[in-house]
Amino acid sequence: MSADHMTTQLDAPLSETTRTVTVVSWKTAGVLLSVTVLYALLLVAVPHSGDTRFLLSQRSDFFQIPVIVVPAVAFAWVCGAILLAVTAAVVVLTARGTRTPLWLVSLFVLAGLTGFLAWAGAGSPRDLSIVGLLGGAVLWSVPFVYGALGGVIGERAGVVNIAIEAQLLGAAFTAAVVSSITGSALAGLVAAVVAGALVSLVLGLFAITYHVNQVIVGVVLNVLVVGLTSFLYSQVLVPAAETLNSTTRFSAIPIPILSDIPVLGPVLFRQPALIYLMFIAVPAVWYALNRTKWGLRLRAVGEHPKAADTVGIDVVRTRYNAVLVAGAVAGLGGAFYTTVQLSQFGENMTGGAGYIALAAVIFGKWDPIRAAFAGLLFGFASNLQNVLSVVGSPVPSQFMLMIPYVVTLLAVAGLVGRSRPPAASGEPYIKG
Amino acid sequence: MRLELRGITKRFGALVANDHIDLVVQPGEIHSLLGENGAGKSTLMNVLYGLYDADEGEILLDDVVQEFAGPGDAMAAGIGMVHQHFMLVPVFTVAENVMLGHEQTRGGGRLDLEAARAQVHEISARFGFHVDPDAVVEDLPVGVQQRVEIIKALSRNADVLVFDEPTAVLTPQETDELMAIMRQLRDEGSAIVFITHKLREVREVADRITVIRHGKVVGEALPTASDAELASLMVGRSVELRVHKDAPTLHDNGLKVRDLVVTSESGTVVVDNVTFEVRGGEVLVIAGVQGNGQTELTEALLGLEPDVSGSITLDGKELVGRSVRHILDEGVGFVPEDRTLDGLIGEFTIAENLMLDRSDGPPFVKGGALQLGYRDQFAEEKVAEFDVRTQGITTPVGRLSGGNQQKVVLARELSRDLRLFVAAQPTRGVDVGSIEFIHKRIVATRDAGVPVVVVSTELDEAVALADRIMVMYRGTVVGVVPADTPRDVLGLMMAGISPEEAKGRGEVA
Amino acid sequence: MSAPESNTASSSGSGPEQEPGLDPGTAEELEQERAREATGPVGDAAVDTAGRLAKALHQTMSSPWTVSVGAVLLAIAAGSIMIAFTNDGVQEASAYFFARPLDTFVALGQAIGGAYSALFRGSVVNLQATDFVTAIRPLTETLSYATPLIAAGLGVALAFRAGLFNIGGQGQMLVAAAAAGWVGFGVSGVPFPLHLLMALVAGIAAGALWAGLAGLLKARTGAHEVIVTIMLNYVAFYLIAYLLATPGLLQAPGSSNPKTPPTPESAQLPPLLGDRFNLTWGFVLALLAVVGVWWLLNRSSAGFSFRAVGENPRAARVAGIDTGRATVSSMLVAGGLVGLAGASQVLGGVTTGFSSDIDAGIGFDAITVALLGGSSPWGVLAAGILFGAFKAGGTTMQAAEGVPSDIVLVVQSLIVLFIAAPPLIRAIFRLPDPNRRRAPKKKPKATRNRKEAAA
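So the sequence lines, in the order shown, correspond to chains A, B and C.
Residue numbering for the first sequence follows numbering that gives the first Met the number 0, starting at 0 and increasing by one per position.
Residue numbering for the second sequence follows numbering that gives the first Met the number 0, starting at 0 and increasing by one per position.
Residue numbering for the third sequence follows numbering that gives the first Met the number 0, starting at 0 and increasing by one per position.
Heads up, a few of these hints could be off.
What the hints assert, rightly or not - When the alpha-carbon atoms are kept at most 20 Å apart in a straight line, the in silico SDA-like pairs for lysine to any residue are as follows:
no., chain 1, residue 1, chain 2, residue 2
1, C, 258, C, 359
2, A, 364, C, 221
3, C, 258, C, 241
4, B, 365, C, 299
5, A, 26, B, 265
6, C, 258, A, 292
7, B, 197, B, 164
8, B, 439, B, 473
9, A, 292, B, 101
10, A, 292, A, 366
11, C, 258, A, 271
12, A, 364, B, 135
13, B, 365, C, 294
14, A, 292, B, 71
Hints listed in this document are in silico derivations from the structure and should not be mistaken for laboratory results.
Produce the entire structure from the sequences given, and follow the hints as far as they go.
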């Protein structure tokens, strides 16, 4: 036997000797088909007439774009045709064993949305403001995006963060109190970060130190913080609403030049500082996770804590560190409620945003950038309802409000495809 | 660097895993730690590596007493470990795995991957490895993964290297290469601890041998000692290395597998066009290095694999496409490879586990209700028949030792009317006493006229049990050969070389 | 890690399977550890959440009663602190604490004592009452509040045992309430017991289907049930909101409020102890459900497969159990139980017409009830009654002492957190660690034991 021969055997890449076949799931095709059918049914069942007026600029804009008026029904059916075409293409591709490219799905979503908006706005004398729709989406997505970032950081380190809701709510409460007392939105923001980290500390204590099931701790923490903030709200904030619960908010700061870009300018660059911070935080989290020593160690304890331990990494400390950072980031999202959106705290005001953020984490396959886009999508869906109610949409508002949740259901049930969570996510590390 | 362990004692509750163990390893020496499963070898090494705190005793490096609070300290002191189950992060690249824990960084905590790549290249070149620093570890064959472990240890300038059961996942040829690497390291002056329970390997590579049994050092030996001497030292009594069985009486019934293809969820063809036949009254052993499709093949037999094409017929009845329930009801007995994951429910009692695969009908269930009286009576009988050592049938099965757990699985599977018996690695992690028992029951099943398929990665077991041996390599059948085929030929076959060519080479060698 | 193998005894003749005095948990733990490791670095990705959940539950369940009592005491103490800090009297007195410290303590005592005596008065016996009925009434109120908690708690507990985390109680209750309510006021001309039965069945079926949908998605697509059930909560909420706001559906005729018409008498659960108490036959149904779930889990073939899938889905599958079917059917039963809670709300608790808050947070309370009850039917019964007492007492506390009943949420969740972490309780109360002695019964203790040994 020659050693040379064996070496080549060993080092041959696996793919040369192992046969693979491409496995393509019919799920995507199925979901696209059902959406197309639903869309067509909607158009047929609830016919509309008239034009839809898409407004692409605001009065204050430097560049004025005229209102685009389209014949709604015809336009909606054109979009429907695109949906059908994409679906057919996906069916053909799947039958041939090719995976659906992302751009096709994006085209599908874009066509579906535009068509739907045209149909919904048909005959309305009011303009359908695209800037308002998108700008609002960015604003609404803030707690989702920060929450999702917090979720991603925690889970990549192996700690499932169901307590995002608690972090958001706790942070919103704290920000309200501190901002009201100090009269400074920034102080409120800092307090929110501290509050988020504090909730994380409790999560860490039970999940990391005492190995309690992380989902259980998360769910219970959410209940605990609702109870705590509601109790303090009615006992402390309500009697002294003037001093303790009327916050100073961040105001929008237009960025020179950038804010004058048509459509994008007002959408992205006429926002409060917390939103600009979000634009920085998303790539920053990605960079920290993927390019730094901190991120490498964090991911190592999330994937294979034992391996990390054997090279001298303190798993418990690394996880605490990650969870605290995660809570702090989620806390930024909580600050949104009382330092940007409203100037006072209200009982349970986050209303389940943390759970949507959690869905964004999964939708985004545990990647900060994708999760942020998922958060943005949910923000869009939430805002869609507001905008449509202005133009007088025929769809009952409850169904519009349902959209993010239905989208998430569709996503986890198939649209996202197979995703792989960090291997040790949810697994307490017991040394030895 | 000279390593000395003095009076190391480690207890888990009342169990003494290590009992005042003394060990000295000189630089430039391969010191083998020999002992059977459960003897306490790995515990000792985990103490040495700082993963466990010893209750008593001390560790000395070059006569200086060491205090290890964790593996980080042990590594800093110059101890490197190649773990039995690789301590590699599967989704990281080779370079990331090598740098993890002692990362070089540029400004702002930014990882210096270039430096890590250079280090991988440098160490690879020294030992003639061909390891791509940017390859993702989970895509690499196990042999290469092991080299990454070695690179990891060497990148921290380890002077004492511990190899914990390193050959379990290797072909005989890969094992030879590993031994060459160990010798090279020794010649460069490293102190090497080689933990194993395989006698041949010890005799081949060790300079000195320390034998451990029940947590105690029971003796030292030289590599010149015979297999029988080492074995009796290791087990504490003379060991039957052979399985007694008569020539097979073949029956007409049996299992026929034709053109079987199993595809994994990720699209890899894990069983590639496999065709074979097992007749009633014979044992076919499927040999091969772990991970060459044997597991998936046996799981396909039981209907556990979702993506299967081809045909599996048992006594003429097609099994492909049938549910697990249906296949079990056809009379297939199945001992899964991993009993704690697939074979037993740890929190369930012995009695409950014994009815696990018959929980939907008589005699254990009538009218939707469990028949507790029958269940307990059955359990009492089986516990006695299969010599399960336990305090009672209500003991959760997870509290039994590996051998007794395996007996529970065997008792369950062999108490049905079988028309096929499939056992995947039935003696893995089982003590010698239970191994003998399990082998006897397998032979008895064969002698009752049932076709038997056994998966084994240990050549000794394959040769001892088999009437015929089928060797698998990367999902394909390399060949089906008689049980008396020479070991080196089998070894070459396990590396994917056809039996004809292997025989030719075997003769040259 | 490779395990310090412990199977030393089996080769040594006829002794028991362990060394005398060997902590039996250790052997098992190590075996499992080894098994996990044996799957290799690549195989680790396939982790089964169900098994983990089972483990967590064993941990929660295995707490000795001292720990449970400690947890309750600690949570109540935490509640006291909150009451004290937010009490006006205490704040006033503490302003001159150094002048007259006694005042602060008196105020403290008044605040905390007042709150908890109100809690007791509202939940057990009203000692200020002049007649028997008024005196005993709080206890029946407790049982009234406990009724949906027990039923929904059973639903969560049963799913737990099958390895599923049913956070969808809220949604299941809402659809059940809607269905039961609709049959209640939408169908007329049916006489009493039949009408009630129809409404009950409708509610239970609706809850079952809503949860079964989650089970189906989990079984078919692998979607995680935690996410699915949470999302279904919101979908149900908005669906019911729509139905309530739409004339001709659930909205009461002639009204523009999102509220249903009242439940007719023929569909109401009759009072159990006469008209002077709110307690209905719903409580008896909840008790029957406890017995039924006990039988299902411990004596039936279906329950055996639920538990098998919950503890170790892989082994269950190898043993021929259809794990998908077990997932769907356990969720169906779980949803049916939560549906019973929803129906009992509409047919017994709130018969004057309901709106979209009819679930009253019971869907989430049920999780804490199931956890506190260790997911065993009898444990759920006890935990349900305890939390029912908190609810009944909390109402009195809010009315009499002005302490917001949200404090009950805090105390409840603290109890569950503390119970899940016995070492914390032991550290605080300086209880002895039972694992230091021989032969503990449950595994997590072995884990701790080992950890301490290793630390």
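Going back to the hint list, which numbers does this structure go against?
Violated: hints 6, 8 and 11.
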